[in-house]
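As they're listed, the protein sequences go chains A and B.
Every letter in the first sequence is one number past the one before it in the numbering used here, and letter 109, counting from 1, is 94.
Here the numbering used here = 1-based position in the second sequence + 1156.
Bear in mind the hints are in silico, worked out from the structure with no lab data behind them.
Some chain A residues near chain B, calculated using beta-carbon distances under 10 angstroms:
| hint | residue |
| --- | --- |
| 1 | PRO34 |
| 2 | ILE49 |
| 3 | CYS50 |
| 4 | ILE55 |
| 5 | ASP60 |
| 6 | GLU61 |
| 7 | ALA78 |
| 8 | GLU79 |
| 9 | LYS89 |
We put the CB at the ideal spot given by N, CA and C, even for glycine.
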Amino acid sequence: MAEEVVLLDFHPSMFGMRVRIALAEKGVKYVHKEENLRNKSPLLLQSNPIHKKIPVLIHNGKPICESLNIVQYIDEFWTDKAPLLPSDPYQRAEARFWADFIDKKVDEAGKGIWASKVDQHEMAKKELKESLKKLEEVLGDKPYFGGDKFGFLDVALIPFHQWFFSYETVGSFKLDCPKLTAWAKRCVERESVSKSLASEKYIYEFVLGHRKVSELD
Amino acid sequence: MAASQEEVTLLGVTGSAFVCRVQIALKLKGVEYKYVEENLGNKSDLLLKYNPVYKKVPVFVHNEKPIPESLVIVEYIDETWKHNPILPSDPYQRALARFWSKFIDDRVVGAAWKAVYTVDEEEREKNVEESFEALQFLENELKDKKFFGGEEFGLVDIAAVYIAFWIPIFQEIGGLELFTSENFPKLYKWSQEFVNHPVVKESLPPRDPVFAFLKRRYESLSASK
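Could you put the whole structure together from the sequences, leaning on the hints where they help?
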């Protein structure tokens, strides 16, 4: 039976990008379906009735939701190449902890800028800077968060790096995280990453469109 | 002397559902550990050292390596002590287990608390509705299984200890009729099975002190109106 892998996605989404990268790392062929988030497809609503969000990976008709969940699934199903999570349980716990931190802190703070009115920016900018500083400490002098190898935590964070330009431009500030910038350059050298990321410009256009429609400015 | 001295410590507070999750996991695996009761009003240097990011309990420490966040801890315990598995072996079932555990954290925990511990009536009502909706999803997901994990309890059941033990306490305090056998027959039956499971029973905190503490909090909230 042929494997049927479908990804319900949205190009600028950092969560969608995570899944694209994981699938590319594993060399999995899939059907990509771009969703219109203002007019969600019946397939999306049926596959993720609880959150109604992308990304959703549908593997042989079975839907998996939530990007970090999907990436772990991909790692656990396609085991023949490119292991994403480390093999040591403690390192796995660390990777999961920091990936969750990215979702809780970086995404929230980012939203406090790109999806919020200007009067909410101060707090969000401070939070974002602090969160990224913590992540730089976690990275330390390693080439990747995964150590010598590109791994789960790198997958979790690299799409957010594409959003830094939007955060900085909307927020009129500079993030100043040189370690992350160097790390991002390294990640983008991987084909799985470079072909999966939405461009900074594309993301910014999306953000501007959203701000206009939501009357945030 | 043992070849490798396992040093297992759990920093927690009695009455925390998140700490309880870890205790259930450790009991299931038969892991001996040292328990350190924290005072959240006066956090220890140990807690601040082991969880500098969130400064919360539970924190699990294994051979001096700390892990915070209850669901991360439970997965770690499952991967380190492999008997009596908590997560299923099939990748799709594992994805479902992780999804529903996180669902409980994202959509049940906060809403259920605020359904009682909110002064503003409209806000409280909103949270009652959200809790109801979330519990309905879980009712549908449980179907006719004994536990979310099947014949034996697993990750989702452990995460849902909040529903089985804590929600009934909140609603008694707040006079709320949310989680009842009329509203959620399957989930309610599950909760009785779960709290009476020998492993879980031994891991739950004593009800009266937890009730008293949460009632005091409720009263001080109403008093501040």
